[in-house]
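Protein chains in written order, with numbering that gives the first Met the number 0: chain L, 0 to 476; chain P, 0 to 276; chain U, 0 to 97.
Worth double-checking, as some hints may not be accurate.
[Stated by the list, open to error] Here are the simulated PhoX-like pairs of lysine-lysine, each with C-alpha atoms no more than 25 Å apart in a straight line: (1) L:30 - P:163; (2) P:197 - L:30; (3) L:17 - L:30; (4) P:77 - P:193; (5) P:163 - P:193.
Simulated from the structure, these hints should not be mistaken for laboratory data.
Keep in mind the model is a prediction, meaning the values are calculated, not measured.
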Amino acid sequence: MTRNMGEQPKPSILDTAKQLRAELSDDYHDKVMTAIYADAAQIASTSVSRDTQKANLTFDRTLDRILTHPIFGFIAMGFMFLVVFWITIAGANIPSQMLSDLLLTHVYGWLHQAATALSLPTWLSGLTIDGIYLATAWVIAVMLPPMAIFFPLFTLLEDFGYLPRVAFNLDRLFAKAGTHGKQSLSMMMGFGCNAAGVVSTRIIDSPRERLIAIITNNFSICNGRWPTLILMGTIFIGAMAPPALASLIAALSVMTVAVLGIVFSLLVSWGLSRTWLKGETSVFSLELPPYRPPQIWRTLYTSIIDRTLIVLWRAIMMAAPAGAVIWLSSNIMLGDASIAAHLVNFLNPLGMVLGLNGVILVAYIVAIPANEIVIPTVLMLTMTLGGVAGAQAGVMLELENAQVYNVLTQVGDWTLLTAVNLMLFSLLHNPCSTTIWTIWTETKSAKWTAVATFLPIAMGVAVTFTTTTIAHLLNLV
Amino acid sequence: MTTQIMPNCETCPAYNASSLKKLGVSAEGADYVIALAGNPNTGKSTVFNALTGLRQHVGNWPGKTVARAEGGFTYNDKTYKLVDLPGTYSLLSTSTDEEIARNFILFGQPSVTIVVVDATRLERNLNLALQILQITDRVVVALNLIDEAERHGIEIDVRHLSRKLGVPVVPMAARQMQGIPELLDAVEQVARQKIATKPHRVRQTDAQLEGALNTLIDQIEAIYPGLPNARWVALRLLDGDESIEQAIRDNRLGNLTQPAVLQQPTREPLIAVEAIS
Amino acid sequence: MYKMSSTLDQLQRGQSGIVTNLTCTGSNRRRLMDLGILPGTSLTVELTSPLGDPTAYRVRESLIALRRSQAQEIEIEPITADTPEIDLSTESTETERS
Numbered sequence: 000m001t002r003n004m005g006e007q008p009k010p011s012i013l014d015t016a017k018q019l020r021a022e023l024s025d026d027y028h029d030k031v032m033t034a035i036y037a038d039a040a041q042i043a044s045t046s047v048s049r050d051t052q053k054a055n056l057t058f059d060r061t062l063d064r065i066l067t068h069p070i071f072g073f074i075a076m077g078f079m080f081l082v083v084f085w086i087t088i089a090g091a092n093i094p095s096q097m098l099s100d101l102l103l104t105h106v107y108g109w110l111h112q113a114a115t116a117l118s119l120p121t122w123l124s125g126l127t128i129d130g131i132y133l134a135t136a137w138v139i140a141v142m143l144p145p146m147a148i149f150f151p152l153f154t155l156l157e158d159f160g161y162l163p164r165v166a167f168n169l170d171r172l173f174a175k176a177g178t179h180g181k182q183s184l185s186m187m188m189g190f191g192c193n194a195a196g197v198v199s200t201r202i203i204d205s206p207r208e209r210l211i212a213i214i215t216n217n218f219s220i221c222n223g224r225w226p227t228l229i230l231m232g233t234i235f236i237g238a239m240a241p242p243a244l245a246s247l248i249a250a251l252s253v254m255t256v257a258v259l260g261i262v263f264s265l266l267v268s269w270g271l272s273r274t275w276l277k278g279e280t281s282v283f284s285l286e287l288p289p290y291r292p293p294q295i296w297r298t299l300y301t302s303i304i305d306r307t308l309i310v311l312w313r314a315i316m317m318a319a320p321a322g323a324v325i326w327l328s329s330n331i332m333l334g335d336a337s338i339a340a341h342l343v344n345f346l347n348p349l350g351m352v353l354g355l356n357g358v359i360l361v362a363y364i365v366a367i368p369a370n371e372i373v374i375p376t377v378l379m380l381t382m383t384l385g386g387v388a389g390a391q392a393g394v395m396l397e398l399e400n401a402q403v404y405n406v407l408t409q410v411g412d413w414t415l416l417t418a419v420n421l422m423l424f425s426l427l428h429n430p431c432s433t434t435i436w437t438i439w440t441e442t443k444s445a446k447w448t449a450v451a452t453f454l455p456i457a458m459g460v461a462v463t464f465t466t467t468t469i470a471h472l473l474n475l476v
Numbered sequence: 000m001t002t003q004i005m006p007n008c009e010t011c012p013a014y015n016a017s018s019l020k021k022l023g024v025s026a027e028g029a030d031y032v033i034a035l036a037g038n039p040n041t042g043k044s045t046v047f048n049a050l051t052g053l054r055q056h057v058g059n060w061p062g063k064t065v066a067r068a069e070g071g072f073t074y075n076d077k078t079y080k081l082v083d084l085p086g087t088y089s090l091l092s093t094s095t096d097e098e099i100a101r102n103f104i105l106f107g108q109p110s111v112t113i114v115v116v117d118a119t120r121l122e123r124n125l126n127l128a129l130q131i132l133q134i135t136d137r138v139v140v141a142l143n144l145i146d147e148a149e150r151h152g153i154e155i156d157v158r159h160l161s162r163k164l165g166v167p168v169v170p171m172a173a174r175q176m177q178g179i180p181e182l183l184d185a186v187e188q189v190a191r192q193k194i195a196t197k198p199h200r201v202r203q204t205d206a207q208l209e210g211a212l213n214t215l216i217d218q219i220e221a222i223y224p225g226l227p228n229a230r231w232v233a234l235r236l237l238d239g240d241e242s243i244e245q246a247i248r249d250n251r252l253g254n255l256t257q258p259a260v261l262q263q264p265t266r267e268p269l270i271a272v273e274a275i276s
Numbered sequence: 000m001y002k003m004s005s006t007l008d009q010l011q012r013g014q015s016g017i018v019t020n021l022t023c024t025g026s027n028r029r030r031l032m033d034l035g036i037l038p039g040t041s042l043t044v045e046l047t048s049p050l051g052d053p054t055a056y057r058v059r060e061s062l063i064a065l066r067r068s069q070a071q072e073i074e075i076e077p078i079t080a081d082t083p084e085i086d087l088s089t090e091s092t093e094t095e096r097s
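Chain L on its own, in the form it takes in the complex (with noise of 0.2 Å):
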């Protein structure tokens, strides 16, 4: 304690307040709280008149009664998700297919011709069109329309006021996980992008708390993984369905990996809350805020620009330079093969025993800084190594649905145990770049930014490993 001795008079202010404080009460703080709260109500009281036949909150309360009742409100909940997933997915189909009709048809045919007029060395257009180019229009073509529908369906959601009430039916679950009722907020956030879903986890004050939901942020299945869990619920588990049902089905089938990220995220915070990051459980109150009619248009600009076009923006960033290094990997010979055959035929041993392949696992450390572009990658590569006939080497081609299913299925020797097991690795594994740069910098040490990266790897190495060890036992594949 530094302090000024005598001729400043400013340090008496302090004592004679130190002094005044001893001979105060202990319940000093409540009584200024509770002379507040007495103007509060008498300036409300003297300035508020009610119409008590208007004043009733009918449609708030039943709709709360729904939404909040032990057996409607988990439906309504399980309801809610499953008709934003299936708009997304269905929605989605007709848009990207016409993107990449323009984007991958169309522009990529005037490029080559533009460059052939131009007489550019192959190796320049290689990079450039076949690399650069070709990953980027991958990623605006299959990211976009569902990015544009699911960022303002969400949006909606959350203006509407809705999130707050599933904070209030699941916190029984975070609480048992030993965690800070906020926790179920930060979460949602990620199911947009984990790196907000981590900033967002500002809002926990108790720094051991704020840790865990750091971690298991993750758990949420943010928008770049949405395309592969999409794409393979599609073509792989949606398929199997009548075509009426089909799409349903691979909605259900998306849902249901989304669901078990929230069964892993309460796992592993009961899990930290119990070992590394013991703690009392910090006291929070949630507020239910009033349903608010949703401001539609107002919500679609702001999500189309806020969320969509930024996230947009980030992807082609990170999509640009992968695409040079995949088509590099793919055309720099060593020995007898690309550097990318090398590293797939290194890495497939372990591929298999996870039920995934080589191409895999090589997509996704290519995918380290956006994990949109794993399905771009596990095409192009598939079919360059598989040596499909009018494939160039790291090229990336547009397919249809059906096409990117024989392609799989018949050079990738894809079975419905490698989709499966695709949509489990794209819950469990390592955050992005950009999750992982910003778990550092809001938490500032190398410990945690550490468990948060390779924790999940470790859980989707050991479960993908039990579900092909089973399916082999049992003689499923």
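We have chain L already, so just place chains P and U on it with the hints.
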């Protein structure tokens, strides 16, 4: 200790530029700095968006992992910088959010603090508004969600409320862009000190407490004549608020007395406020 | 009249009570007060989470969810359910002032 009077007028741009800078806000290019405060779920961000449109900038508060949004707007040829404070229920607890909001209003000395208040939960929201009115007298209350209140059969006597609080109250429905022009007008009037505000100051009912407060207020005002919130500072000191104690030690509190033109310290802060304006 | 003192978690849905005392201290106590929960305030049980905890209370027109452990730290005096809550809140604060 004499109060430092800056060579410029009290309404000139950025007379407190240096303290703002410490809070991470550059007042450069703006005639007035406006703070936006309010409870969570009051439509504060809707008001922020309505006022600033796309002229926004999102960053962090210095040294804190709390997001800060900043934006600008122009009204009647004057430029305003709007700083969105974290949504809080109170300013008396110890959370980071509350500290940031409190420090900005106290040390940043914004030209105006807009307090967004939910018309459907007036009583609870007035808790924060009354706390802010103890720190600064340059306040405009944005009585938001007035449409929702009407739907629920709640009618608010805005003139009465404004009289009681001693500051302009603007009824609005920010989602529908209703009340924005009126809000801008009120902000301008308070910023340019065209209207005199007489903020409601909470009295303590406990005689001993009120006595202790007055002893301390006398002493504070003797040393910092013209301090606009001596009562609040006294309240915080009696609560043992360390950051206010620190502000006294390093004399940041002394800087807050500008733009003081008072020669004689007055016991009654309300009169002081009127004298300034 | 009704001197039966109990804690907030004892109330059933639809029932109301007036806070008589907060038994928690420190920041927990301050948080509750910030939300307007202090002696004299009336609360009504509005919703219970489908998993049994937390419970949402109507306080000064807001809906605030509290976990059971928190509700146990709020002592209340139960009141009959059919009295309109709005009158109560004004009444209680009025008596507080006098």
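> Which earlier hints turn out false for this structure, listed by number in ascending order?
Replying inline: Violated hints: none; all satisfied.
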